[in-house]
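K.L.:
Same order as they appear, the protein sequences are chains A and B. So for the first sequence, numbering that gives the first Met the number 0 puts the first residue at 0; every next one is plus one. So for the second sequence, numbering that gives the first Met the number 0 puts the first residue at 0; every next one is plus one.
No lab work stands behind these hints: they were computed from the structure. Some hints here could point you the wrong way.
[As the list claims (entries may be wrong)] Computed, partial: chain B to chain A, Cβ under 8 Å: (1) 33; (2) 192; (3) 206; (4) 212; (5) 253; (6) 284; (7) 370.
Even glycine gets a Cβ: it sits at the ideal position worked out from N, Cα and C.
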Amino acid sequence: MLAVALAAVSGGFAYFLPAAMTAYQATGQVVKIASPSPAQLLFTPTPTSSTNPAATGDFTVLLLGSDDDSKFVADHVLTQSMILVRIRPAAKTVTMLSIPRDLYVPLSTGGTGKIDGAYSYGGAGAAIATVEQDFGVHVDDYIWVGLLGLIKVIDAIGGIDVVTSNPVLDDFYPQDVFSNSPYGYERIAVLPGPQHLDGVHAMQYVRSRHGDLESDFGRSQRQQQVLLAIRQKAKQLAPEDIPAIAAAIGGELKTSISVSRVTEMLPLASSFDNPDSIQQIVLLPPYTHGGGPGTSVIANWSLILPLVHRYFP
Amino acid sequence: MISRVLLAVGLSVLMLVTGVTSYLVLDGRQSKVAAPPSKPTAATPRAHALVLPGTLYLAQSGALYSFSSGRFHQLTAEAGWSQPTSTPDGNNLLAVKNGGYFSDVYQLNRYGTPTRQLTSNAGRLGMRDPSSNHWSLYPRLSPDGGTLWMTYDGGKCSGCLLISFDIWAMPVNGGMSKAHAWTNTNLVPGGDVQAIPVSGGIIYTQYSYDDQGRPTGQLWYTNRANSVGRALTTQAEDCRNPALSNDGTQIAMICTYVKQVSYLTIASWNGSTLGPRQTLITDQMVAQPTWAPDGSGIAYLAPGVADGPFQLWWLPKDAYAPPPPSPTPVPTPTPGGPHNGPLPSPSPTVVPPPPVIKPIEVTTNDGFDATSPMAWLA
Numbered sequence: 000m001l002a003v004a005l006a007a008v009s010g011g012f013a014y015f016l017p018a019a020m021t022a023y024q025a026t027g028q029v030v031k032i033a034s035p036s037p038a039q040l041l042f043t044p045t046p047t048s049s050t051n052p053a054a055t056g057d058f059t060v061l062l063l064g065s066d067d068d069s070k071f072v073a074d075h076v077l078t079q080s081m082i083l084v085r086i087r088p089a090a091k092t093v094t095m096l097s098i099p100r101d102l103y104v105p106l107s108t109g110g111t112g113k114i115d116g117a118y119s120y121g122g123a124g125a126a127i128a129t130v131e132q133d134f135g136v137h138v139d140d141y142i143w144v145g146l147l148g149l150i151k152v153i154d155a156i157g158g159i160d161v162v163t164s165n166p167v168l169d170d171f172y173p174q175d176v177f178s179n180s181p182y183g184y185e186r187i188a189v190l191p192g193p194q195h196l197d198g199v200h201a202m203q204y205v206r207s208r209h210g211d212l213e214s215d216f217g218r219s220q221r222q223q224q225v226l227l228a229i230r231q232k233a234k235q236l237a238p239e240d241i242p243a244i245a246a247a248i249g250g251e252l253k254t255s256i257s258v259s260r261v262t263e264m265l266p267l268a269s270s271f272d273n274p275d276s277i278q279q280i281v282l283l284p285p286y287t288h289g290g291g292p293g294t295s296v297i298a299n300w301s302l303i304l305p306l307v308h309r310y311f312p
Numbered sequence: 000m001i002s003r004v005l006l007a008v009g010l011s012v013l014m015l016v017t018g019v020t021s022y023l024v025l026d027g028r029q030s031k032v033a034a035p036p037s038k039p040t041a042a043t044p045r046a047h048a049l050v051l052p053g054t055l056y057l058a059q060s061g062a063l064y065s066f067s068s069g070r071f072h073q074l075t076a077e078a079g080w081s082q083p084t085s086t087p088d089g090n091n092l093l094a095v096k097n098g099g100y101f102s103d104v105y106q107l108n109r110y111g112t113p114t115r116q117l118t119s120n121a122g123r124l125g126m127r128d129p130s131s132n133h134w135s136l137y138p139r140l141s142p143d144g145g146t147l148w149m150t151y152d153g154g155k156c157s158g159c160l161l162i163s164f165d166i167w168a169m170p171v172n173g174g175m176s177k178a179h180a181w182t183n184t185n186l187v188p189g190g191d192v193q194a195i196p197v198s199g200g201i202i203y204t205q206y207s208y209d210d211q212g213r214p215t216g217q218l219w220y221t222n223r224a225n226s227v228g229r230a231l232t233t234q235a236e237d238c239r240n241p242a243l244s245n246d247g248t249q250i251a252m253i254c255t256y257v258k259q260v261s262y263l264t265i266a267s268w269n270g271s272t273l274g275p276r277q278t279l280i281t282d283q284m285v286a287q288p289t290w291a292p293d294g295s296g297i298a299y300l301a302p303g304v305a306d307g308p309f310q311l312w313w314l315p316k317d318a319y320a321p322p323p324p325s326p327t328p329v330p331t332p333t334p335g336g337p338h339n340g341p342l343p344s345p346s347p348t349v350v351p352p353p354p355v356i357k358p359i360e361v362t363t364n365d366g367f368d369a370t371s372p373m374a375w376l377a
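All chains, please: the whole structure from these sequences, using the hints.
P.N.:
So this is what it looks like as structure tokens:
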């Protein structure tokens, strides 16, 4: 009997082994965050009790999304998407703040530049340190997803339902996914309204910014819609789905969150059912304005910092 | 000795079978959320397939399908077809064919055979000059069949990044050179989309930013070229997908209130304004409402299960316009002599509540294109 039971367990072990290996490789990433010099700080830090996640259970995650196609060298990619997420389990509220990728800021690695370059200069640690020093927030963990990873995850969960808020048209959409000419272009038209999106079309919806007067800001709003749709769909998954999803993700996801913490957070994710409990913030003008060096966006810190500190300690 | 060997072999086989079975059982317990939709064949299996009046045309995976007498028929190959609409005489269809980086409007017979190409949007240089290519979408014909209304990105300049749609009109026999813009969006996010001809003009959806910088959909009416006309809904309602009832007195639409929700809403239409809104469906992500040609209900697309592919649904008219209750019977005096004794007190007539009419899921795993309006012929 013991042998048969062991065999059954072995079968289960074999089933979940690839997922466990992927999880082991992707989670618990150690990041080195350099302490910013006082001269670099844009704010005066004030200690708050809520910065200790253990005290309240609240925590902040920095979501990073990158184009990691063949145009880029691995681990030296720009972060096209940077979203600060504050999760308050007790209050069952989530706040999402999209940071414009073109925001011109002091970088933790030295000098100034667009904030999307921090990751390419120093990995997740540099991206986190830059956000912490410029926005005066504490980041508990990060999650990085590559371009292909997002497409594969959405396909692995069977697509997502989204109300696409407007037609997204782009005559110069990068032809760098599933293509031999990564510097080429293609024309896309994501039509408006409620619809079921597969990975490729969801990526087109969140990635295009040429046909939007609000450029990166409009894109940030779309990214938040898709993230929430993924979360909504993920609530229907069974534990047995994990290996297929892990296989899809491959090396396209990295996070500092440990496997055990992920396990703790899964029930939490399904408890946020009220759409009104999810606050979405995009730093539109007057919080930012164009005209910075190299088509960058200039921050109006006197408006941004009070807004950010209202939601993020 | 032999028995020990046999025992070891037997146990090994048993362990192998148990391990493999355990693996397969777990594999079989995966949820079906990622299962691909199947091709439409028949209405949801039931004792009697749901039969809707007339013939409904809709799109899945780049193919056009008709649905009549409870069964689907594939009309075209999976070759980028979508957005069917009928000609006013009901003898032909118009539909859009996506060519990859452009799309054109074709006329097809009712069996799905293309008979004529109405637009020509492929640029001469292909993707060497992306801006020379165009999208023609959401075709509709005027009641006299002489004008093609379409959503078209014809107002862009070569090499420009900001592109938006406008509503264009084209003489059916005139070709693209005779097409002209009816609206000019001035490059709001997406522009003007999905026009439907109504008496004296068109109703279309305009996408613009609200005062908080959020893109919203709004129904507008215009009766002359180069005039945006007037708004029929507010930006806060965030409405789209308009559909005119066959008697021309009601509009069905999808309103999303700048959220990830989708409400099927109808309102009366007097030729210039919309009446009070009546919200019919609030618990599904509804798209593309379409009135039955005989006025017996509304078909629409919505997921069969939460967050799944879009299925065909049917909402009978009784759900939103129930028949008036039958009059309460009034007791009539019984002929006869004078009554002796106390009069019986009349017992109140118990009127049973009207039955709740719920939408009917016509298909369960077909995954229709929710951005493609449906056409419905008698």
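K.L.:
All hints are to be evaluated individually against the structure, with a verdict given for each.
P.N.:
Hint check results:
1. At a threshold of 8 Å, the smallest CB-CB gap from residue 33 of chain B to chain A is about 4 Å, leaving the interface hint in force.
2. At its closest, the beta carbon of residue 192 of chain B sits 6 Å from a beta carbon of chain A; the interface hint therefore holds under the 8 Å criterion.
3. The interface hint given for residue 206 of chain B is met, as the beta carbon of that residue sits about 4 Å from the closest beta carbon of chain A, less than 8 Å.
4. The restraint placing residue 212 of chain B at the interface with chain A holds, with a minimum CB-CB distance near 5 Å, inside the 8 Å limit.
5. The criterion of a C-beta within 8 Å of any C-beta in chain A is met by residue 253 of chain B, whose closest approach is roughly 7 Å, and the hint holds.
6. Evaluation of the residue 284 of chain B hint against chain A yields a held restraint, the C-beta minimum of about 5 Å falling below 8 Å.
7. Checking residue 370 of chain B against chain A: minimum C-beta separation of about 4 Å stays under 8 Å; hint holds.
In this structure, none of the earlier numbered hints is contradicted; all agree with it.
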